[in-house]
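Asker: Chains as they are written, first to last, in the numbering used here: chain X, 1 to 330; chain A, 1 to 266.
Possibly wrong hints are sitting among the right ones.
[Claimed, not checked] 16 Å max Cα-Cα, derived EDC-like pairs, lysine to aspartate or glutamate:
(1) X/K323 / A/E127
(2) X/K50 / X/E20
(3) X/K198 / X/E105
(4) X/K323 / A/E223
(5) X/K327 / A/D178
(6) X/K323 / A/D157
(7) X/K327 / A/E223
(8) X/K122 / X/E292
(9) A/K225 / A/D178
(10) X/K198 / X/E185
(11) X/K50 / X/E39
(12) A/K225 / A/E189
(13) X/K323 / A/D263
(14) A/K143 / A/E127
(15) X/K41 / X/E105
(16) X/K198 / A/D263
[What the hints assert, rightly or not] Have a look at the derived ranges for each label pair, beta carbon to beta carbon:
(17) A/K146 / X/C102: 27 to 35 Å
(18) A/F256 / X/D305: 23 to 31 Å
(19) X/A287 / A/H249: 17 to 25 Å
[Said to hold, decoys possible] To list a few chain A residues with every Cβ distance to chain X over 12 Å, as calculated:
(20) R45
(21) A66
(22) D84
(23) D107
(24) A149
(25) R161
(26) R182
(27) A224
Since the hints were derived computationally from the structure, they do not count as laboratory data.
For glycine and all other residues, C-beta sits at the position ideal for the given N, C-alpha and C.
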Amino acid sequence: MRRMYTTELSKNVKPIETAEEPELVAAFEARVAADEFIEPKDWMPDAYRKTLVRQISQHAHSEIVGMLPEGNWITRAPSLRRKAILLAKVQDEGGHGLYLYCAAETLGTSREEMVEALHSGKAKYSTIFNYPTLTWADIGAIGWLVDGAAIMNQVPLQRTSYGPYARAMVRVCKEESFHQRQGYEIMIALANGTPEQKRMAQDALNRWWWPSLMMFGPPDDNSPNTERSMRWRIKRETNDELRQKFVDITVPQADFLNLSVPDPEVKWNEAKGGYDFGEVDWEEFYAVVRGEGPVAKERMKARRDAWDNGAWVRDAAAAYEEKRRAKQAA
Amino acid sequence: MATRSKIDADLVKRGRTDPVAPEAIPAMQDYCQRLGDDALILGQRLSEWCGHAPALEVDLSLANLALDLIGQGTNFLGLAGDADKLAFHRDVLDWKNCWLVEQPNGDFAQTIARQLLFSTWQHMLYERLAASSDERIAAIAAKGVKEVAYHRELAADWTIRLGDGTEESARRMAEGLDWCWRFVPELFEVDEVLEGLIADGIAVDPRLFEGEYRSVIAAVLAEAKLAVPADQRAILGGRRGHHSEHLGHLLAVMQFLPRTYPDAQW
Chain X
1 MRRMYTTELS
11 KNVKPIETAE
21 EPELVAAFEA
31 RVAADEFIEP
41 KDWMPDAYRK
51 TLVRQISQHA
61 HSEIVGMLPE
71 GNWITRAPSL
81 RRKAILLAKV
91 QDEGGHGLYL
101 YCAAETLGTS
111 REEMVEALHS
121 GKAKYSTIFN
131 YPTLTWADIG
141 AIGWLVDGAA
151 IMNQVPLQRT
161 SYGPYARAMV
171 RVCKEESFHQ
181 RQGYEIMIAL
191 ANGTPEQKRM
201 AQDALNRWWW
211 PSLMMFGPPD
221 DNSPNTERSM
231 RWRIKRETND
241 ELRQKFVDIT
251 VPQADFLNLS
261 VPDPEVKWNE
271 AKGGYDFGEV
281 DWEEFYAVVR
291 GEGPVAKERM
301 KARRDAWDNG
311 AWVRDAAAAY
321 EEKRRAKQAA
Chain A
1 MATRSKIDAD
11 LVKRGRTDPV
21 APEAIPAMQD
31 YCQRLGDDAL
41 ILGQRLSEWC
51 GHAPALEVDL
61 SLANLALDLI
71 GQGTNFLGLA
81 GDADKLAFHR
91 DVLDWKNCWL
101 VEQPNGDFAQ
111 TIARQLLFST
121 WQHMLYERLA
131 ASSDERIAAI
141 AAKGVKEVAY
151 HRELAADWTI
161 RLGDGTEESA
171 RRMAEGLDWC
181 WRFVPELFEV
191 DEVLEGLIAD
201 GIAVDPRLFE
211 GEYRSVIAAV
221 LAEAKLAVPA
231 DQRAILGGRR
241 GHHSEHLGHL
251 LAVMQFLPRT
261 YPDAQW
C-alpha cells in the first residue's frame, strides 16, 4: 500500500565509491542504464545496496507504522461495510510491509535487524504517520491524500532497477488504487452529508494537506541523494516533480468535494499547465523527521509494546519448533 | 411461539409460497441475531489486535479471522433485519451473543483460548446448520463453515504451540483457558426459542455435538500438554441480553459515531 519512504534524509552518503573495481561499476551502470533488473545474486556497488536497504526498509516500516493511525478507527467505523473495508485495508498494509521486508532481506539484512533499527529510532518511516487521526474524516483524508501521494511515489518504482523491489511494488500498487478510492468515497459521503460531517471533512483536509505534500520529501535543491538515485534508477522522478503532479491531480478533486485546500496560493498557471502552490513548512518537516511529530512517541510506543509484549509468543513458537524438529530427528 | 414452518404452512394454504422474512417470526429473528451477534462481537474483539499482534504474520491472520466473522455477522444480522441498525443502535439488553465472544482479548494466549473454544463450537454448529430447513440460514452457514475450519485450525495450532512451547507460554495458555472455560456451558444451552426452531429443522440442537466438542477440545489440550480445566457452575444469560460488564464498553466504542450522529449517512 501506500507509504513511502521518501524521507530520504541521510545527507552523509558517500559519493560513488572509488574502491570498487571500475569495470564492475561500469558494467553495473550500463545494465541499469539499459533498464535491466538487478537481482539479489548480481554484483552491485556497496552504496547501491545500502541505499536500497535504507529505502526499502523505510518503506516497510512506513507500512507497519502506517497501520496505526487508521487502525485507530477500525473499532469505531460507522457501518459494517466501512468497518470491513477499513480492516481489509489496514491488513493490506501489513501485507505490503511483509513483501517489502522480504525484498529488503534479499539484500542481506534480516527482518530482526530492520525492526530493531526502527525501534531504536535509527531507521525512519514516513513523517505522515506521526499525525493523529481525530475524526472519521481522517480515514477518508488518509485514503484520498496519503494513499494518493503514495501512489504517485510508487507507480514509478514498479520500474525501479532492483528486481525484488520492483516486483513487490507491482503487487503493492495493485492494491493501492483501491485504497485511494475507498478514501475518496468516504470523503464524498461526508462532503454530501450533514453540516457536522462537512465540518469533519474540511477539518481533515486542513490537517492532512501539508503533511501529504511533505511525503514527497525535501525540495530537489536540498535532496542530496536524488541525482545518484535517479542514475541508478532507484528513483525515477524527482521529489518536486512528483509533488507538482500530486497537486495537479488533487486540487480538482477537492473542488469536486466543495472543500478548499488550505493554501491561499493555490492557483492555476496556464503557462506551466499546472497549479502554483505555497511553500511547504520545511521546518516542520525536518522536526517531524527528527521524531518531533505530534504523536511520534505514541506510534513508537505502540510498535515497541506490540513487539515486546509478543516476545514470549515468538519465543514459544521457536521453542515448539525446536522440540518438533528434535522429535523428528529422533 | 409461532415458528416459521407453521407460518409457512398457513401461507401455503392461502396460496402464498414465498418464504417469510425472519423478522416476521420472533424466534427466527432471535436466532439470526444470536448467530450474527456471536460473529460480529468476536470480529470486533479480534479487530482490536490489528497493528498490535506479536508478529506481522499473526496480525494478518487475526485480521482474516475478524473479517470472516464480521462478514458472517453482517449476513446473519441482515437476515434478522437492517444489519447496520441492529449493530449500531441496540443497547446491551438487546444483544444475544454468548459471554465467551465478548471477553476481552487479554494476552495472546487468552485470545487463542477464546478462539479455540468458540471456533471449534462454531464449526460443528455451521456444519450442521448448512442443512437447515431455512435455505438462507443454510447458505450463510455453508459459506461460513469453510472459513471457520481455518479459524479452528489456527486456534488449535497456536494452542499446541503455546501449551508445548516455553514454561511461560504454557502458564499463560492455561490461564487463558481458565478464564474462558466457565463460558463453555452457555454454548450448549437450549431454551424455549431454540426448542421450537430445532423442532422445525431450522436451528441445530447443540447438545447433539457437545460430547464430540468436549473430546475434540480434550484432544487438542492433550497434544498441547495442558490439563482440561475443571467444570464449574454454568454462567448463562447472554442469549437473553444479560452479559458481562465488558460488552457495554465494547458497544460504547463500536456504536459511538452512528449514535452521536443518528441522521448521518457514512
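Asker: Compare the structure with each hint and give your call.
Answerer: Against the structure, the hints:
With a C-alpha separation of about 34 Å, the suggested pairing of X/K323 with A/E127 is violated against the 16 Å cut-off. Of the pairs offered as hints, the one joining X/K50 and X/E20 holds, with about 15 Å between alpha carbons and a cut-off of 16 Å not exceeded. Taking the CA atoms of X/K198 and X/E105, the gap is about 45 Å. The hint is violated against a cut of 16 Å. The hinted pair formed by X/K323 and A/E223 meets the criterion: a straight-line CA distance of about 13 Å does not exceed 16 Å.
A distance of roughly 29 Å separates the Cα atoms of X/K327 and A/D178; the hinted pair therefore is violated under the 16 Å criterion. Only pairs whose Cα atoms come within 16 Å are accepted, and X/K323 paired with A/D157 is accepted, the gap being roughly 15 Å. Between X/K327 and A/E223 the CA atoms are separated by roughly 14 Å; this keeps the pair inside 16 Å, and the hint holds. Proposed proximity of X/K122 and X/E292 is supported: the alpha carbons are some 14 Å apart, at most 16 Å.
Straight-line distance between C-alpha atoms of A/K225 and A/D178 comes to about 15 Å, which keeps the hinted pair within the 16 Å bound. Of the pairs offered as hints, the one joining X/K198 and X/E185 holds, with about 14 Å between alpha carbons and a cut-off of 16 Å not exceeded. Under the criterion of a C-alpha separation no larger than 16 Å, the hint pairing X/K50 with X/E39 is consistent with the structure, at around 15 Å. Pair hint A/K225 plus A/E189 does not hold up; C-alpha atoms about 29 Å apart against a cutoff of 16 Å.
Only pairs whose Cα atoms come within 16 Å are accepted, and X/K323 paired with A/D263 is rejected, the gap being roughly 58 Å. With a CA separation close to 10 Å, the supplied pair A/K143 and A/E127 stays within the 16 Å bound. For the hint pairing X/K41 with X/E105, the CA-to-CA distance comes to about 12 Å; that is within 16 Å, so the pair holds. Distance restraint check for X/K198 and A/D263: the Cα-Cα separation of roughly 13 Å lies within the 16 Å cut-off, and the hinted pair is therefore satisfied.
Checked against the hint of 27 to 35 Å, the pair A/K146 and X/C102 passes, with Cβ atoms roughly 28 Å apart. For A/F256 and X/D305, the hinted distance range of 23 to 31 Å is satisfied, since their beta carbons lie about 24 Å from each other. The supplied range of 17 to 25 Å is broken by X/A287 and A/H249, whose beta-carbon atoms lie about 37 Å from each other. Residue placement check: A/R45 does not keep its beta carbon more than 12 Å from all beta carbons of chain X (closest about 9 Å).
For A/A66, the non-interface assignment is contradicted: its Cβ lies about 6 Å from the closest Cβ of chain X, within the 12 Å cut-off. Distance to chain X contradicts A/D84 as a non-interface residue, since its nearest Cβ pair spans about 5 Å, not more than 12 Å. Remark: the non-interface label on A/D107 conflicts with the geometry, its nearest Cβ contact in chain X lying 7 Å away (cut-off 12 Å). The beta carbon of A/A149 is kept farther than 12 Å from every beta carbon of chain X, the shortest such distance being approximately 20 Å.
The non-interface label for A/R161 is inconsistent with chain X: the shortest C-beta to C-beta separation is roughly 4 Å, within 12 Å. With a least beta-carbon separation of about 24 Å from chain X, A/R182 lies farther than 12 Å from that chain, consistent with its non-interface assignment. Residue placement check: A/A224 does not keep its beta carbon more than 12 Å from all beta carbons of chain X (closest about 10 Å).
Violation of the numbered hints given earlier is confined to hints 1, 3, 5, 12, 13, 19, 20, 21, 22, 23, 25, 27; the remaining hints are satisfied by the structure.
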